[in-house]
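Chains as they are written, first to last, in our numbering: chain B, 1082 to 1412; chain X, 1082 to 1412.
Hints are computed from structural coordinates only; laboratory data are not their basis. It is possible that some hints are incorrect.
Any copy, or any two copies together, can satisfy a pair, since identical chains are not distinguished.
What the hints assert, rightly or not - In silico SDA-like links for lysine to any residue, alpha-carbon gap of 25 Å or less:
#  : residue 1 : residue 2
1  : Lys1244   : Ala1272
2  : Lys1244   : Leu1329
3  : Lys1244   : Tyr1234
4  : Lys1244   : His1148
5  : Lys1244   : Ser1230
6  : Lys1244   : Gly1197
7  : Lys1244   : Glu1149
8  : Lys1244   : Ala1317
9  : Lys1244   : Ala1273
10 : Lys1244   : Ala1258
11 : Lys1244   : Arg1315
12 : Lys1244   : Thr1330
13 : Lys1244   : Val1151
14 : Lys1244   : Leu1355
15 : Lys1244   : Pro1233
16 : Lys1244   : Asp1312
17 : Lys1244   : Arg1344
18 : Lys1244   : Arg1266
Number of protein chains: 2
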Amino acid sequence: MKNTLSLPAVPGTVGAIMSRQPLMLPPLMRAREALARLRQVGVPRDFMRNCYVVDEDGRLLGVLTLHELVMAPDHRRLEQIMSAPGPVLAPGDDQERAVALMDGADSVELPVVDGGGRLVGAVTADDAMDVQREEATEDMQRMAAMLPSEQPYLQTRVWDLYKSRVVWLLLLMVSAAFTGAIITRYESALAAQVALTAFIPMLMDTGGNCGSQSSVTVIRGLSLGEIRYGDWFRVAWKEIRVGVLCGLTLAAVSLLRLVLLSRTEFMVALVVSLTLVVTVLVSKLLGCFLPILASRVRLDPAVMASPLITTIADAVSLVVYFRIAAALLQI
Amino acid sequence: MKNTLSLPAVPGTVGAIMSRQPLMLPPLMRAREALARLRQVGVPRDFMRNCYVVDEDGRLLGVLTLHELVMAPDHRRLEQIMSAPGPVLAPGDDQERAVALMDGADSVELPVVDGGGRLVGAVTADDAMDVQREEATEDMQRMAAMLPSEQPYLQTRVWDLYKSRVVWLLLLMVSAAFTGAIITRYESALAAQVALTAFIPMLMDTGGNCGSQSSVTVIRGLSLGEIRYGDWFRVAWKEIRVGVLCGLTLAAVSLLRLVLLSRTEFMVALVVSLTLVVTVLVSKLLGCFLPILASRVRLDPAVMASPLITTIADAVSLVVYFRIAAALLQI
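In isolation and in its complexed conformation, chain B is listed as follows (with noise of 0.2 Å):
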């Protein structure tokens, strides 16, 4: 049975986060037998659970759990009451695969094996634990425009969280030029009409709720698996269909409150209500399909979270409010 796995671990891969020493049987042992093997060498890991049947050049042959063993005739082989090892890991396999695969094979422990199918490792479920931690942590901090850290935030020093969130700060103020440079463009006409501004706060802000509604939704399902490229149709019909509910409905309210509470103009009500149809529809679909595309191209999706929505949706619901103002108050 060799066992020398000496390659260093890339960061982020199963390699780095396995125990590299899983209970090798060979499989015409007898369960008697093996039970004094273990009192014997002892057990290299408290968590590890698992035995694994190798053969002699450390093959993979079959798992049988410490209770199997236990349970079993004296003076069965291995071979006859270990179970096929099921789904297994390479040792780059993202660390993420090894959390997926855990809660789709309803395991706590995985063997990892190498190329020529030679056991190097298991990841156990506390390992797991952390990785699935970890990689959620990551997403929020993704998703809310930082760069992501593994340090406690308490421990981190203020360069480091000044380093991680200026980044993304920097860029997107940048990009908002663009709305600026929309409003700019509409000026005379908000000259004209400067109750027009007073809305402009709100259509943003909703269309920035929308998106990371949906966003975060598409994001999370991705993560879970629960979502693949293949399922970009029925996402987006369910956003769509989504959204002009909420559009909707977010555009009759705001016309009842600004015709009877607030008495604005009812074409400027109009206007408003019009536009938030628009902005929620364009926000739910930008938000479903730029992390779908983001996973499409190898991207984490994560960063196609809402800030970067939020100004994309900010622009165009500019662009639709004052074509549509143009278009109902002839300004």
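Guided by the hints, dock chain X onto chain B, whose structure is given.
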């Protein structure tokens, strides 16, 4: 040994996720007998890893892993080889506590005991992984202004998606009326300096982005137990310093860009830059205080995320913007 828990389990509690038939053994039993007993009764559940030593009333005395049992000398009594129970859960505990405790204790299975110290179940790693994944998803949904749902996206009906999303959209849209009112109040100032309008989206987006960076960081820190209520001063002091650094950087870049590239009037560019510094600082402070306050009054901090903070930060930054403009531009 009694094991007659028949309480209905409250969803979201440890009682709802625990396995109800832990392996229970008496303290005076010898290792050899224990193994024989195991082979006789079988293992109730594949993922279970520990054996629990209990007294005649079912009270938990100690824990030993199956590994430890296998390794123990045949005639050793269980009370001699067991370890102290370590951290235990109660059936009424929030299921998040199981994950936090498992992480803190570096363990993959935790005993659950009732008020009388009697063992009533055990939470295993596969249960904890499910909880951890669901809780992260719920936090993300709340952060993105949605009511949490446990259903996978593609299986969720359009109507349910609509309901989970429209509530917060309506609330936030109506509260954005404040921002509109502020703009209306400064309408004459805006009419005198229409150029100011062009920067409103950029200022608002930057405030929103800064707010989500801080709030998501703090919400995640609270949920992982890295930040507690008592840390509010350390968090605020850190956010102030990061906020000043980010604000100054953004202000400097914005000033240079506006004066050199867009040939904006210097005084207008100065108003924008000064507002940026205040907006960034205020958003970062809101972003850290609101979630900490929410956790103090036992609300879910995730509800205090970006959308709500954006709405408040918008209003604050607009007032600051118009005040500074009024002072520096004499409008």
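Going through the hints against the structure:
no. : hint                : verdict
1   : Lys1244 <-> Ala1272 : neither (40 Å within a copy, 39 Å between copies)
2   : Lys1244 <-> Leu1329 : between (41 Å within a copy, 13 Å between copies)
3   : Lys1244 <-> Tyr1234 : within (14 Å within a copy, 35 Å between copies)
4   : Lys1244 <-> His1148 : neither (50 Å within a copy, 47 Å between copies)
5   : Lys1244 <-> Ser1230 : within (11 Å within a copy, 34 Å between copies)
6   : Lys1244 <-> Gly1197 : neither (43 Å within a copy, 52 Å between copies)
7   : Lys1244 <-> Glu1149 : neither (52 Å within a copy, 48 Å between copies)
8   : Lys1244 <-> Ala1317 : between (35 Å within a copy, 18 Å between copies)
9   : Lys1244 <-> Ala1273 : neither (43 Å within a copy, 39 Å between copies)
10  : Lys1244 <-> Ala1258 : within (22 Å within a copy, 35 Å between copies)
11  : Lys1244 <-> Arg1315 : between (39 Å within a copy, 19 Å between copies)
12  : Lys1244 <-> Thr1330 : between (41 Å within a copy, 11 Å between copies)
13  : Lys1244 <-> Val1151 : neither (54 Å within a copy, 52 Å between copies)
14  : Lys1244 <-> Leu1355 : between (41 Å within a copy, 21 Å between copies)
15  : Lys1244 <-> Pro1233 : within (16 Å within a copy, 35 Å between copies)
16  : Lys1244 <-> Asp1312 : between (36 Å within a copy, 23 Å between copies)
17  : Lys1244 <-> Arg1344 : neither (47 Å within a copy, 29 Å between copies)
18  : Lys1244 <-> Arg1266 : neither (34 Å within a copy, 38 Å between copies)
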